[in-house]
Amino acid sequence: MPSLLQRLEKATGWYPKGISKEERVLVRKLDALVLSYACLSFFAKYLDVSALTNAYVSGMKEDLDLYGNRLNHINAAYAVGYVVFQIPSNLLITKFPAQYYLPLAEIFWGFFTLGTAFCKTYNQIVVTRFFVGFSATSKSELGRRNALFWIANPLGQMIAGYLQAAAYTNLNNNHGLQGWRWLFIICFIITIPIALIGIVFFPDMPERTKSRWLTEAEKKLAVKRLQEEGFAPPPTCTPSRSSTTSAPSPTPAPRVSALVTYYTDLRGKRWEPMVLAGVLCVFANIVLAVGNVLNGLKFFAYIAVVLSSGLIPVLVCWTAEGFASDLEARAVTLASYNCLGAVTGLVVPLVAWPVSKAPGFRGGFIWATLLSAAYLANVGVVLILNRRDEKKAAQVASLETGSSPSVEEVRQVDEKYIFV
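All residue numbers for the sequence shown refer to numbering that gives the first Met the number 0, where the first residue is 0 and numbers rise by one.
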C-alpha cells in the first residue's frame with residue numbers, strides 16, 4: 000500500500016511520467032540532500048538581508064544617526080559587493096566542490112552579519128554590508144523544485160520581522176545591547192548550523208560527487224539523467240574534487256511561483272507566464288506612476304507587481320534549459336541576471352527611490368515602467384531567435400539524413416525547442 004509520501008508525490012505530479020523506480024529513489028534522495036539545504040540557505044540569506052530594514056525601524060536609525068538617504072547608501076554598499084563577485088563566484092562553483100564552497104561562503108557572510116550587531120558608526124555599517132553582499136553571491140532542479148526553493152525568500156523576510164519584534168521586546172538592553180543588535184546575533188546563530196548542514200549533506204555536482212549518501216549506481220544514474228536531458232557536464236579542466244532589502248511581510252508571490260512553475264512543467268511552455276508578467280508590470284507601473292487613480296485600481300497595481308515577482312523561478316528554469324549544453328554559459332548568464340538586478344537595486348534606489356521621496360516615488364515607477372517594457376521586448380526577441388535557430392537545426396538535420404522534414408515535423412520541433 001502506498002505511503003502518505005508516495006500519495007502526495009503522485010497527487011502533485013512531483014515526478015515526470017514514466018520515471019523508473021530507481022530514478023524515483025534517486026530524485027527523492029536529491030530532494031532531501033540538495034533542495035532541503037538550498038531552501039534553508041536561501042531562507043537564512045533573506046533572514047540576514049531583511050534584518051537590516053527591521054533593525055532600521057527598531058532603533059538602529061536613531062542609535063547610528065542613519066537619517067536622510069543613508070539607508071539607501073547602506074543597501075547600495077551591499078549591492079556593490081554582490082555585483083563585484085557575482086560572475087566570478089558562479090564560475091568558481093563550476094570548478095571547486097560545491098559542498099565546501101557554498102557553506103564556507105555562508106559562514107563568511109554569517110560572521111559579517113554578526114559584525115553588524117557591533118557596529119558603532121554609519122561607516123562601519125557600510126563596510127560590513129559590502130562584505131555581506133560580497134559573500135552572498137554563491138547563492139543561486141527545475142519547475143516545481145525551483146518554486147519551492149524561491150518560497151524560502153519571503154519566509155526569511157517574514158520571519159525576520161517576527162524575530163525583530165521578539166528581540167526588541169525580550170532582549171532590548173540585555174547585556175548592554177539594544178534589541179536591533181540582538182537580531183543580527185540571532186541571524187548568525189541560525190546561519191552557521193545551516194552552513195554545517197551543507198558541508199555534511201550537500202552532494203556537489205553529479206560528475207564529481209563523493210557523497211556518502213548516494214550509492215555508486217545512483218551517482219552514475221544522476222549523470223545519465225542529466226545527459227539524457229541535454230545538460231552538459233563540467234569542462235574537462237574541472238578539478239576532481241539575483242531589490243536587496245525589502246519589507247518583512249508575507250506576500251502571494253511564493254504561491255504564484257509554485258502554481259505557475261507547476262503549470263509550465265505540465266504544459267511545457269515557459270514563455271507564456273513570462274509574457275503575462277511583462278504586460279502586468281507595464282500596466283501596473285503606469286498606474287502607480289500616474290498616482291491619482293482609484294484606490295481599488297492602485298491596490299490592484301501593487302498586487303500585480305508582487306504577483307509578477309513570483310515568475311522569477313520560471314525565468315531561471317527557462318534559462319537553465321536554454322543553456323543546458325553549456326555549463327559555464329549557464330552559470331555566467333544566471334549570474335548576469337543577479338548582477339543586473341543588483342545594479343538596478345544599487346542605482347535606482349539612490350536616484351528614483353530615495354527614502355526622502357516616500358511615499359510617492361513617481362520617478363521610480365516611471366523607471367520601472369521602462370524596465371518592464373524592455374523586459375517584455377526581450378522575451379519577444381528570445382522567442383524569435385529560438386525559432387530561427389531551431390529551423391536552421393532542422394534544415395541541417397534534413398541534409399544529414401537526406402530527407403526533408405514535413406511542415407508538421409518542423410512545427411513540432413519548433414514548439415518543443417522554443418516553448419520549453
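Keep in mind the hints are simulated off the structure, nothing from the lab. It is possible that some hints are incorrect.
What the hints assert, rightly or not - Listed next, the in silico DSSO-like pairs over lysine-lysine satisfying Cα-Cα at most 30 Å (straight line):
hint	residue 1	residue 2
1	K16	K28
2	K297	K20
3	K390	K28
4	K297	K16
5	K119	K268
6	K391	K223
Right, here's what the structure says about each hint:
no.: 1; hint: K16 x K28; in the structure: holds (18 Å)
no.: 2; hint: K297 x K20; in the structure: violated (51 Å)
no.: 3; hint: K390 x K28; in the structure: violated (39 Å)
no.: 4; hint: K297 x K16; in the structure: violated (43 Å)
no.: 5; hint: K119 x K268; in the structure: violated (52 Å)
no.: 6; hint: K391 x K223; in the structure: holds (28 Å)
This entry does not satisfy hints 2, 3, 4 and 5, going by the numbered hints stated previously.
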